[in-house]
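Novice: In the order they appear, the protein sequences are chains E and Z.
So the first sequence is numbered by numbering that gives the first Met the number 0: it starts at 0 and just counts up by one.
So the second sequence is numbered by numbering that gives the first Met the number 0: it starts at 0 and just counts up by one.
Careful, some of the hints might be misleading.
Straight-line alpha carbon distances no greater than 25 Å define the calculated DSS-like cross-link-like pairs of lysine-lysine that follow [stated by the list, open to error]:
| no. | chain 1 | residue 1 | chain 2 | residue 2 |
| --- | --- | --- | --- | --- |
| 1 | Z | LYS176 | E | LYS197 |
| 2 | Z | LYS31 | E | LYS168 |
| 3 | E | LYS290 | E | LYS194 |
| 4 | Z | LYS176 | E | LYS594 |
| 5 | E | LYS39 | Z | LYS122 |
| 6 | Z | LYS176 | E | LYS239 |
| 7 | Z | LYS176 | E | LYS44 |
| 8 | E | LYS27 | Z | LYS176 |
| 9 | E | LYS676 | E | LYS594 |
| 10 | E | LYS194 | Z | LYS176 |
| 11 | E | LYS232 | Z | LYS122 |
| 12 | E | LYS6 | Z | LYS176 |
| 13 | E | LYS290 | Z | LYS176 |
Restraint ranges, calculated between C-beta atoms of paired labels, are given here [stated by the list, open to error]:
| no. | chain 1 | residue 1 | chain 2 | residue 2 | range |
| --- | --- | --- | --- | --- | --- |
| 14 | Z | SER43 | E | ARG558 | 33 to 43 Å |
| 15 | E | LYS290 | Z | MET139 | 47 to 57 Å |
| 16 | Z | SER43 | E | LEU95 | 36 to 46 Å |
| 17 | E | VAL679 | Z | GLY88 | 40 to 50 Å |
| 18 | Z | MET139 | E | ASP512 | 25 to 35 Å |
| 19 | E | GLU487 | Z | GLY145 | 54 to 64 Å |
| 20 | E | LYS6 | Z | LYS31 | 13 to 23 Å |
| 21 | E | GLU487 | Z | LEU124 | 45 to 55 Å |
No wet-lab data here; the hints were simulated from the structure.
In this text, all values refer to a predicted model and were calculated from it rather than measured experimentally.
Even for Gly, the Cβ is constructed at its ideal location relative to N, Cα and C.
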Amino acid sequence: MLPTDYKIFRNVCPRNCYDTCGIISYVKNGELIKVEGDPKHGYTKGRLCAKGYAYTQYVYSPDRLRYPLRQYPRGSGTWERISWEQAIEIIADKILELNKRYGSNLALAHNKFSGNLGLLHYAVEGMFNSMGEHTKTIGNACLAAGFDAISYDFGDNINPDPEDMADSKLIVIWGANPAWTAIHQLSHINAAREKGAKVVVIDPLYTPTAAKADIFVQIRPSTDSLLALGIVKILMEQDKCDNDFIRDHTWGWEPFSSYVKEKISISLVREVTGITEEVIFELASLYGSTKPCANWVGFGLQRSMNGGQNTRAINALVGVTGNIGRKGGGLYYFNPTPNYFPQSLLNHPSPESRQPREVDINRFADDILSLANPPVKMLWVASRNPLSQDQNLARWQELLESLELVVTVDLFMTRTAEMSDLVLPATSTFENDDVNVGYWHYWLAINQKAIEPLYEAKSDLEIARILTRKLNELSPGFSDFPYELTDEDWISKEFTPKVLEIYGLANWEELKDGPRKCSGNKIPWEDRRFKTKTGKFELYSRDAKENELPAISTYNQPRNDIYPLRLLSPQHRNRLHSQYDFVPWLNDEHFDILKMNQKDARQRGIEEGDTVCIYNEAGLLSKKIKLSPYIPLGVVVASQGGLKPINSLMFDLPADMGMKESGSRGLAINDVYVECKKQVK
Amino acid sequence: MTIMLKQMGFIFNADLCVGCKACEIACKNENKTPAGVNWRRVSSTAEGVYLSLSCNHCDSPECFRICPQKAYSKRRDGIVFINNNRCDGCMDCVSACPYDAPQFDTITRKASKCIFCESRLLKGLDPACIVACSTGAIQMVNLNKGQSQGTVGMIDGFPDIRLTKPSIRFFPLQPRKRYWLQD
Ligand code: SF4
Ligand code: SF4
Ligand code: SF4
């Protein structure tokens with residue numbers, strides 16, 4: 000039914016999602032009654048995904064947290080409603096007491112990541128920075144290894160405009176499943192197909208994206224580097240490389256080409272990747288004959304001990320085929336457009352003499368537990384659900400036991416909230432102002448407050464204001480957070496003259512009329528001036544060597560594990576990590592499922608529908624078995640999120656790269672192995 | 000029998016649909032159906048093969064024929080309409096329709112189904128499911144106008160069409176190259 004007599008607002012889906020969709024919200028009598036895609040958003044073009052279309056249910060879910068809650072004892076499930084004043088007082092008292100006890104704020108830590116990527120949600124970081132020294136996280140739980148790989152080769156991370164995929168002749172998707180994680184990209188991919196482009200998907204899993212590809216090549220997990228180098232070898236032998244690009248714009252062709260010639264044999268590629276020689280030659284012939292070719296490196300293939308190497312090998316293939324700096328070609332991974340913005344909250348400085356200490360977000364529980372002088376005693380969790388999505392959950396239990404106060408800010412009673420002392424209800428994106436920039440497409444949009452916060456929910460920014468104000472009341476000068484600034488003040492701070500210029504804006508208010516596209520750098524490296532030290536695209540990286548990594552992309556043998564089944568945990572269509580667990584429209588499927596190949600099942604006496612116990616050194620959990628001949632032998636697959644988080648089986652296995660750009664190594668969660676046993680009732 | 004000016008119907012392109020369910024949830028967002036009452040439903044008929052179906056606004060609608068309360072009507076534009084006020088919840092249509100189109104709401108104890116987003120059509124807008132689909136797998140056509148060149152009447156997983164003559168046509172799957180792991 001089309002609503003009548005309603006107000007319209009512009010919102011943005013703030014999820015950690017490629018698409019960062021523009022939303023039009025219909026509000027009647029203060030109630031969000033319907034959402035639509037914003038037709039003025041040139042990338043998402045008036046459409047949302049299933050999760051996006053469920054937003055009215057997300058906002059009005061009966062499971063929304065309504066009031067601040069206190070739990071005693073922690074984990075008991077005995078909750079008591081308290082007022083915001085009480086909650087803020089408990090927190091402020093604790094912060095001040097810890098400061099007195101230890102003579103600094105280092106006993107305070109926070110763990111925040113990508114639950115809401117709006118720039119105003121960096122208020123959490125800004126709030127802690129405003130108190131001077133504290134314990135904060137560095138590193139990136141998502142994409143650190145691939146990020147470094149691209150940085151070594153190109154000197155910087157810049158994505159081509161994903162809308163330009165429509166001009167590709169060949170699109171090769173290495174381990175991404177846009178059908179379920181970036182649905183809008185399919186319209187740009189299909190536009191290319193209509194003009195005759197071919198789509199190739201290389202993936203261990205037969206995803207819905209793979210099922211629609213012209214060519215699907217199933218590959219053993221995390222062996223992509225060998226396949227890419229094998230293709231390069233064939234192209235070299237057939238003299239199909241772009242010799243001009245290689246001569247003028249690459250660094251290290253000599254050592255790279257002799258390495259490929261001597262060390263990479265097609266039979267080795269076949270053995271390791273599980274792909275026949277014929278198919279490797281077919282891929283080489285496509286790469287050798289079709290330009291421009293767009294290459295998309297998914298996040299999954301870099302969450303591995305071979306992850307950076309996988310990405311570097313694909314980079315090399317894209318380079319030697321002359322696909323860099325060409326419209327419709329190039330390497331797609333991640334576009335750091337948020338970095339054009341000052342991100343004033345994230346970067347709110349701590350005084351020079353009172354800098355925070357850093358722990359690795361990917362080894363959080365371990366790192367925090369190892370700290371002394373002072374130990375961490377209070378933890379603030381926001382925009383994250385570590386007890387579902389982090390690893391080393393057993394260590395997390397120990398960590399929780401050592402803490403005196405755990406505060407979680409969320410919209411729902413997540414697993415992390417369940418283990419907190421205080422839970423503070425957060426606003427949804429419809430209940431606060433914000434600015435959102437995509438990390439994939441080139442669009443920027445404003446997020447308007449469309450409805451009043453539900454119940455007593457507050458935004459991260461509002462919470463930062465009231466907490467720092469209280470702290471200063473109790474201890475003047477404790478924080479230098481500018482709590483008098485309004486949401487609009489913070490938004491306008493993001494719009495420096497440079498930002499206004501690249502988005503062609505006279506002022507940020509113009510965004511109320513529709514999203515804007517970034518004008519700069521749509522075809523990265525068109526000028527062939529790479530940002531590496533050599534100014535070239537590096538097939539041989541001295542920086543990598545200095546950081547004790549191979550100078551040339553190599554293939555690392557998988558680790559020998561005592562457990563036989565490799566566990567993969569891709570995103571489900573109805574979830575983003577553990578988000579949307581509380582939305583009935585998206586809960587029509589059973590989530591606690593483990594997919595397994597029939598042969599692996601037979602060996603273990605497991606049948607369809609059996610409940611199995613999955614275990615390894617990190618933990619144990621049970622799921623129901625779904626058999627599938629499409630799952631590679633020796634691989635089991637479970638979705639993220641749900642009641643029994645698959646991350647109970649994850650531990651902090653580092654990826655090969657990540658230090659250079661993110662300050663800590665990525666996670667090799669796709670190199671985790673498990674065993675399964677049928678559960679006897 | 001009314002004279003049919005039009006026969007509104009759908010074309011579903013099985014080769015494009017990736018089972019993302021945007022259409023299914025967009026329908027719920029538009030029509031405010033509760034969880035479990037899905038006027039449009041996406042199902043998987045084989046690995047990587049999906050079918051997104053609503054009411055097919057059939058030429059010989061069984062629902063219309065069978066409903067003791069005469070809640071159903073066949074409009075001159077071909078849309079099969081249901082008048083909720085007349086429905087007394089007997090569920091005869093639910094069992095009669097071969098396509099699970101009428102959905103029973105256990106709370107209101109009434110059946111309801113897709114009415115082609117008729118209030119959107121009146122405003123010149125496409126149905127919500129069609130707007131939501133990023134692959135263009137669902138299209139709306141007037142089947143009396145012969146807007147269905149190249150389509151077929153049946154695909155795998157779709158129930159027999161002889162009984163009700165559904166107003167839906169299909170673009171079938173295209174053959175693709177698939178290279179499975181050599182174990
Ligand atoms: S989850 Fe992604 S695709 Fe879905 S509405 Fe949000 S940004 Fe768009
Ligand atoms: S929105 Fe389109 S692609 Fe997605 S399930 Fe529906 S018909 Fe298929
Ligand atoms: S699909 Fe079912 S409900 Fe719809 S017109 Fe045909 S018989 Fe009736």
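Novice: Next step is simple, just say for each hint if it's right about the structure.
Specialist: Okay, the hints, checked on the actual structure:
1. Z:LYS176 <-> E:LYS197: Distance of about 11 Å is within 25 Å: holds.
2. Z:LYS31 <-> E:LYS168: 42 Å, violated
3. E:LYS290 <-> E:LYS194: With a Cα-Cα distance of about 13 Å, the restraint between LYS290 of chain E and LYS194 of chain E holds, given a limit of 25 Å.
4. Z:LYS176 <-> E:LYS594: 24 Å, holds
5. E:LYS39 <-> Z:LYS122: 20 Å, holds
6. Z:LYS176 <-> E:LYS239: The given pair, whose Cα atoms are some 24 Å apart, holds under the 25 Å limit.
7. Z:LYS176 <-> E:LYS44: Since the Cα atoms of LYS176 of chain Z and LYS44 of chain E sit roughly 31 Å apart, the hinted pair is violated (cutoff 25 Å).
8. E:LYS27 <-> Z:LYS176: 50 Å, violated
9. E:LYS676 <-> E:LYS594: Satisfied, since the Cα-Cα distance of roughly 14 Å is no more than 25 Å.
10. E:LYS194 <-> Z:LYS176: Roughly 19 Å between the alpha carbons, so the hint for LYS194 of chain E and LYS176 of chain Z holds.
11. E:LYS232 <-> Z:LYS122: This hinted pair is violated, its Cα atoms lying about 59 Å apart.
12. E:LYS6 <-> Z:LYS176: 50 Å, violated
13. E:LYS290 <-> Z:LYS176: Distance ~21 Å between LYS290 of chain E and LYS176 of chain Z Cα, so the pair holds.
14. Z:SER43 <-> E:ARG558: 33 to 43 Å: This hint holds: roughly 35 Å between Cβ atoms.
15. E:LYS290 <-> Z:MET139: 47 to 57 Å: 38 Å, violated
16. Z:SER43 <-> E:LEU95: 36 to 46 Å: 57 Å, violated
17. E:VAL679 <-> Z:GLY88: 40 to 50 Å: 44 Å, holds
18. Z:MET139 <-> E:ASP512: 25 to 35 Å: Hint holds: Cβ distance 30 Å, inside 25 to 35 Å.
19. E:GLU487 <-> Z:GLY145: 54 to 64 Å: 56 Å, holds
20. E:LYS6 <-> Z:LYS31: 13 to 23 Å: Cβ of LYS6 of chain E to Cβ of LYS31 of chain Z: about 18 Å, so the range 13 to 23 Å holds.
21. E:GLU487 <-> Z:LEU124: 45 to 55 Å: Hint violated: Cβ distance 33 Å, outside 45 to 55 Å.
Taken one by one, the earlier hints fail for this structure at numbers 2, 7, 8, 11, 12, 15, 16, 21, listed in ascending order.
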